[in-house]
Structures are given as C-alpha cells and as structure tokens.
Amino acid sequence: MDLNSYLIISAILFSLGLFGVITRRNGVAVLMSIELILNAANINFIAFSRYSGMDFSGHIFSLFVIILAAAEAAVALAIILNIFNNFGSINIDDANKMSQ
Amino acid sequence: MTGINLIFWFIAILTIVSGSIVVLSNNLIYSAVSLLFTLLGIAGLYVFLWADFIAITQILIYVGGILVLIIFGIMLTHRITDVTLSQSSNQQILGGGIVLVIFLGLSYMILNTPWLENSAVEPQETIKQIGNLLMIDYLLPFEVASILLLAALIGAALLSRSSK
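Protein chains in written order, with this note's numbering: chain X, 1 to 100; chain V, 1001 to 1164.
Honestly, the hints are just simulated from the structure, not real lab data.
One or more hints might be untrue.
Partial list, computed: chain V residues near chain X (C-beta under 8 angstroms) [as the list claims (entries may be wrong)]:
id	residue
1	Val1023
2	Asn1027
3	Leu1035
4	Phe1037
5	Leu1040
6	Gly1044
7	Tyr1046
8	Ile1056
9	Ile1059
10	Pro1114
11	Glu1125
12	Ile1127
13	Gln1129
14	Ile1154
Owing to the predicted nature of the structure, the values given are computational and were not obtained by experimental measurement.
For every residue, glycine included, the Cβ atom is placed at its ideal position computed from N, Cα and C.
Take the sequences, apply the hints, and build the full model.
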C-alpha cells in the first residue's frame, strides 16, 4: 500500500476509460468511460495529497472535479437525448450532421 | 497489518475487474451496475488514503446522482421492446494496442520516478481543513462552481425539453 500501488490502480482505470472512449460507439457508454477517466485523475490527486504530508489542496481539486463531472453528466445526457430524438439512435458515428 | 493489506487488495481488484466490465460488457445495464461497484471501490480507496469527506462525497454524488442519471439516460434512449440493450464496439484490437502502449508508458513512468513520499503523518480531521480552504483560499473557484452548476442546470433543462 504505498504510493506506487495507488498510481498503478489509477493508471489501469485511466487506460480502461480511454479504451472505452476509443472503442465504444454508444453515447451513454462513452459517458461512463469518461467518468472512469475522471475518477482515475481523482485517485491521483488524493494519493499525492496523502503522500505529501496531508496537503489538502488535492482534496479541494478532487471536489471540483466531482462538481464538474456532475455538471458534465447532466449536459451530456441532455445532448444524447437530443441526438436520440433527432437521429433515432445514439450511435455516435451516426450523428455526423449538425442538423437534419 | 496483513488484514488491512488484504482488504486493500480486495478493493483494488474489485475496482479494476468491475471497471473492465464497464468498458467490455455488451449489455449497457451490466455496464452501469459494474460502474456502481467501480465507484464504490474508488470510495474505499479514498478511505484508505484518509480522505473520508471525499469518500462520502463520491458515494453521494457519483452513486446517488450521476449513476442514476446514466441509468435514466439508458432507459430513455432505448425502446422498451429492445430487451437486450446491447451496443457494439469497433476497432477493439487497434484501440486496445494504443491503450496498452499508453498504459505501459505510464507504468514505466510511475515505477521509475523517485516520488517524494512523506507518509509518516497522522490522520487529521479533514472536514475542518477542507472548510477552511474552501472559505479562505479557494473562495472564488467555489462561487464560480455554483454559477457553473446553475448554468448546467438551466442548459440541461433547456436542451432536453421537447421542441414545440
């Protein structure tokens, strides 16, 4: 349980999220992968905060990341709903036009 | 000490396995449920890092808010008759290769950097410190975040409204 194990776990989660963003074609699945990436960054912030002698700035940063993730999820799901209403599916390869 | 290590690695493996189910499963509901376990495991890691307030915030906002929102999104964007809720992935081999290269580079960097480790401090009360920082040093970002959340609320409501 030293700093390296947290960083490796975070790197694995980041790679999984990146793999999801690259390969998945469903909008909601891409959104879930982005949440994985944000959480990996948060683990890094908290781990560095803990192992630099409890500097609480890392906690504040991860709080702001969580706030931004909440706002991003709400707006992204609204956009995905609009794509579904306009194109009939949420395959993000189909949504290649700005308007109908 | 070994018991604590055992719990830590159990949580770590739970996080990673359910995280891989999130990106590999073909059923979106399975992905959403394993995202739940991933987020809970990450909250457990925060507890190991003495960040109890962040752990509770993680459970409240991610599990209670964002995950419910994502499941709503899945339900609203699939037809009820579409039982499997399946989805397709493409270019898995190419994407997997690229991601593997990035992961190996990250691991090499992590294992070969002499990190400054100062782990001999005692656990402190986190809520008081976070409150002090938010109200003194980070007051402006805190207020800007409230405006951002209001804008996101209005924007999401406006975007998801059905057009006349």
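Verification of the supplied hints:
Residue-level restraint check for V:Val1023 holds (minimum Cβ-Cβ distance to chain X is 4 angstroms; threshold 8 angstroms). Against a cut-off of 8 angstroms between C-beta atoms, the interface hint on V:Asn1027 is violated, since the closest Cβ of chain X lies about 10 angstroms away. For V:Leu1035, the interface hint holds, the least distance from its beta-carbon to any beta-carbon of chain X being 5 angstroms, beneath 8 angstroms. The beta carbon of V:Phe1037 comes no nearer than 12 angstroms to any beta carbon in chain X, farther than 8 angstroms, and the hint placing it at the interface is violated.
For the restraint placing V:Leu1040 at the interface with chain X, the shortest Cβ-Cβ distance is roughly 11 angstroms, beyond the 8 angstroms limit, so the hint is violated. Interface restraint check for V:Gly1044: the shortest CB-CB distance to chain X comes to about 11 angstroms, outside 8 angstroms, so the restraint is violated. Annotation: interface hint on V:Tyr1046 holds; nearest CB of chain X at approximately 6 angstroms, less than 8 angstroms. Interface hint status for V:Ile1056: violated, as the beta-carbon distance to the closest one in chain X is roughly 11 angstroms, over 8 angstroms.
Restraint check, V:Ile1059 versus chain X: the minimum CB separation of about 11 angstroms is more than 8 angstroms; hint violated. Violation of the interface hint for V:Pro1114 is found here, the shortest Cβ-Cβ separation to chain X being roughly 11 angstroms, above the 8 angstroms cut-off. Checking V:Glu1125 against chain X by beta carbon gives a least distance of about 11 angstroms; that is not within 8 angstroms, so the hint is violated. For V:Ile1127, the interface hint is violated, since its Cβ never comes within 8 angstroms of a Cβ in chain X; the closest pair sits about 10 angstroms apart.
A least Cβ separation of about 5 angstroms between V:Gln1129 and chain X falls short of the 8 angstroms threshold, and the interface hint therefore holds. Below 8 angstroms, beta-carbon pairs count as interface contacts, and V:Ile1154 has none with chain X, the closest being about 10 angstroms; its hint is therefore violated.
The structure is inconsistent with the numbered hints 2, 4, 5, 6, 8, 9, 10, 11, 12, 14, although it conforms to all the rest.
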